[in-house]
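J.: Protein sequence lines, in the order shown, are assigned to chains D and B. Going by numbering that gives the first Met the number 0, the letters in the first sequence line up with residues 0 to 239, in that order. Going by numbering that gives the first Met the number 0, the letters in the second sequence line up with residues 0 to 239, in that order.
These aren't lab readings, by the way, just hints derived from the structure by calculation. Misleading hints may appear alongside valid ones.
One copy or two, it doesn't matter: identical chains are merged, so the pair holds either way.
Below, computed lysine-lysine pairings styled on DSBU-like, alpha-carbon distance capped at 30 Å [to be verified]:
hint, residue 1, residue 2
1, Lys16, Lys239
2, Lys138, Lys16
3, Lys10, Lys75
4, Lys16, Lys4
5, Lys207, Lys4
2 protein chains.
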Amino acid sequence: MVGKKWLKLVKRLHQKKYRNEYQLFFVEGKKGIQELIDAHLQLEKLFVYLEFQDSFQDVPVEVIAQKELRFISALKNPNGLLGVFQVPQPEKIENRGWVLVLDDIRDPGNLGTIIRLCDWFGITDLVCSEATVDVYNPKVIQATMGSIARVNVVYTSLPDFLKNTELPIYGGYMDGVTIYDEELPDVGVLVMGNEANGISPDLNDLIKNRITIPRYGQSTAESLNVAMAAGILLNEIRRK
Amino acid sequence: MVGKKWLKLVKRLHQKKYRNEYQLFFVEGKKGIQELIDAHLQLEKLFVYLEFQDSFQDVPVEVIAQKELRFISALKNPNGLLGVFQVPQPEKIENRGWVLVLDDIRDPGNLGTIIRLCDWFGITDLVCSEATVDVYNPKVIQATMGSIARVNVVYTSLPDFLKNTELPIYGGYMDGVTIYDEELPDVGVLVMGNEANGISPDLNDLIKNRITIPRYGQSTAESLNVAMAAGILLNEIRRK
């Protein structure tokens, strides 16, 4: 039986204020947990169903009952494994290669998908505005499928970051230059905006290059989701 | 108060067998309903909260109570508008332009996202294997955000379809030729496979051109979700 103190603590980690206070977060599922262990994140506690107690080598586990895991899990159907990790210190953005910048992305699934995209396209630095959804939100962590271990995520003031970078700055807009006509450089910054409102007007002056994915359908066609647009633009950056 | 017969019928339309039997489906939300009306789909019944009874011009509505809508809605938080439409007859695939083919896509969100992509990139014909999730599944309809009105979706045997097309056939694989090196033609067929298993082996001989989105991250990077891969490949098709 798991101590009440731990059950209460993990339950609290559903909320950002407690993740910040304790500097802890959790991930569920064997693959996600193993990837974070392999990436040398500090594991604080690993709860597993009895049947999974030999799933990890050289890692102490604590057996948890179904009822207990259901209480602390963020999943509708808990999968029997939950690891609590220390929040790693974000590394300094080196401004090497391409940097992806997110301006107030609010949907956890979108942020998770974008982190997977960074992993696929070899983008190691992801800069988020302070109002972007927390990367250690359980829904984000679940959607990253382990990619979080390979992408450095930093929260900061975007005006400050963009003013201080020497890289050329691109932004995804509905009314920019078509990406097919744009010669993209080897290094740069790509800014993607909020799901409903796009990029904040106060960043407009800092973004010299407005780029767009051309629409081929009727003008009534639905706009692309921000994660989809990010995927297409990162592919364009890499294809050159 | 809505008649019991209608409540029971809409509740049944959550299930594919009843959608097939009645040839009816439903969509929720003002925008989605309006788009289907504008596309001349046959509206059978439109339920709205009292406050929305003047939301549609020249369309008879029936006022529904919150409790009743909660009973028949597919949404956790119903938005107050639900329209029941006749399933339109699929049009014959003309084999003009590019055709997208889906081999056993199971996730409703993925199919909905792919239909939005078709709409954006001007792909009007979408061919699905019989085992692909039903396009009139409420979760698919919700994820299309109205794009369903502009994309012709046909369910058929993929071996038969691919044997009978004269268009060049491309398939998205993990181990194909990188798309950056491929000269894509003006017209063709693009096949995308199941979320877990990719394209069925029995289609391999019919797909002459295996294409791949190159990975730039470490080899441990998570693979791209099928809808994301479809978006990137459709962008490649249009960029040429």
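J.: Hints first: check each against the structure and report whether it holds.
T.: Verification of the supplied hints:
no., hint, verdict
1, Lys16 <-> Lys239, "neither (42 Å within a copy, 48 Å between copies)"
2, Lys138 <-> Lys16, "within (16 Å within a copy, 33 Å between copies)"
3, Lys10 <-> Lys75, "both (14 Å within a copy, 23 Å between copies)"
4, Lys16 <-> Lys4, "within (18 Å within a copy, 49 Å between copies)"
5, Lys207 <-> Lys4, "neither (52 Å within a copy, 60 Å between copies)"
When held up to the earlier numbered hints, the structure conflicts with 1 and 5 and fits the remainder.
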